Amino acid sequence: HYDHTRGHRLFTHAQTYIHPSDASALDNQEDFMYYNSIDRWEELMPGINYREAAAQMGIEEADEPAVHINCYIEDGQVLDLGHTKVEVLHTPGHSAGHCSFWFPDQEFLFTGDICLTKAGPWYGEILASPDDMLASIDRLIALKPPRVCSCHIKEIDNNPVATMQEYKERIFKREERIYRYLKKNPANVNELANQHLIYQMHPTPFVLFWEKLMVIKHLERLENMGRIQRNAQGVFEAV
143 HYDHTRGHRL
153 FTHAQTYIHP
163 SDASALDNQE
173 DFMYYNSIDR
183 WEELMPGINY
193 REAAAQMGIE
203 EADEPAVHIN
213 CYIEDGQVLD
223 LGHTKVEVLH
233 TPGHSAGHCS
243 FWFPDQEFLF
253 TGDICLTKAG
263 PWYGEILASP
273 DDMLASIDRL
283 IALKPPRVCS
293 CHIKEIDNNP
303 VATMQEYKER
313 IFKREERIYR
323 YLKKNPANVN
333 ELANQHLIYQ
343 MHPTPFVLFW
353 EKLMVIKHLE
363 RLENMGRIQR
373 NAQGVFEAV
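Take any residue in the sequence shown, count from 1 to its spot, add 142: that is its number in this note's numbering.
Careful, some of the hints might be misleading.
[Stated by the list, open to error] Heads up, simulated EDC-like pairs for lysine to aspartate or glutamate below, C-alpha to C-alpha not over 20 angstroms straight-line:
1) K310 x D255
2) K260 x E216
3) K286 x E318
4) K325 x D299
5) K315 x E365
[Said to hold, decoys possible] Between beta-carbon pairs, the in silico distance windows are:
6) D247 x L152: 28 to 34 angstroms
7) A197 x Q219: 16 to 22 angstroms
8) A304 x A197: 37 to 43 angstroms
9) Q171 x G368: 36 to 42 angstroms
10) N191 x Y159: 32 to 38 angstroms
Calculated from the structure, these hints are not laboratory results. Since this is a predicted model, take the numbers as computed values, not measurements. Each residue gets a CB set at the ideal place from its N, CA and C atoms; glycine is no exception.
Model the full assembly from the supplied sequences, consistent with the hints where possible.
Structure follows, in C-alpha cells:
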C-alpha cells in the first residue's frame, strides 16, 4: 500500500522484501490499481476525480509503483538480522500477502497493518478479507505475546491479548450494524455507506471509498450466511 511504499526511493541502499501474494501490486501500475481496487473508483465514486482525491491525501503518481523487489518472504521463515531474529507470520486479511513479525528472543510481536488503532480493522480492497483477518487475529492471539506494536500507533501494548480480542470484535459489530439497518431499511451500497456504519466520519473521498469497499465485503459475508438477499436493482434486505 502507498502509505508504506511512498518515499521508498529515498532509501537507496535498502532491500525490499514482500510476500508473493502481494508482489504483483508493486510490479506495474495496472496491478497496483487492481490490488487497491482503484479500478472500481468510477463505479463507486461517480463524479469524484481519483487524481484530485489522491492529491488530497498527498499521493502523486510518482509515489505509486514500480518498487523493485529484492526478496520474497514466506510464513515461518526466520530472518537473521545479526543480533536479532524475526519469524515471518503470514497473516492475510488486510491484504492477501500481509505479514506480521514475531521476535522470539524478545517475546515481541509486530502486527503490521493489523493496526490496533481507533479506526479499527481495514479490509478495503479486492483481495482483502474479513474472514482471513479474523483467522489471522486468532492466530496472533494464540501466541499470547506479552508485548505488541503495530503500524499507525506510537505505543507498545502490554495487554495485547485483550486489545486484539476487542479489535477482532469490531468486525462483528460492523456487520451487525449493517444487518440491523437492513432489517428496517432495504438499501444499496451507496445508501449503506452514507449511514457511517463503519467510519463515523468521511473526512476525505478515500475514506468514503474504503467504507463502500468494506460494506461490500460484509454484504458478501451476510449473503453467504443467508441473512440478507439482493434484488435485481442491487438493493439488499434482511431475510
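Please name the hints from earlier in the document that this structure breaks, with their numbers sorted from lowest to highest. 2, 3, 4, 7
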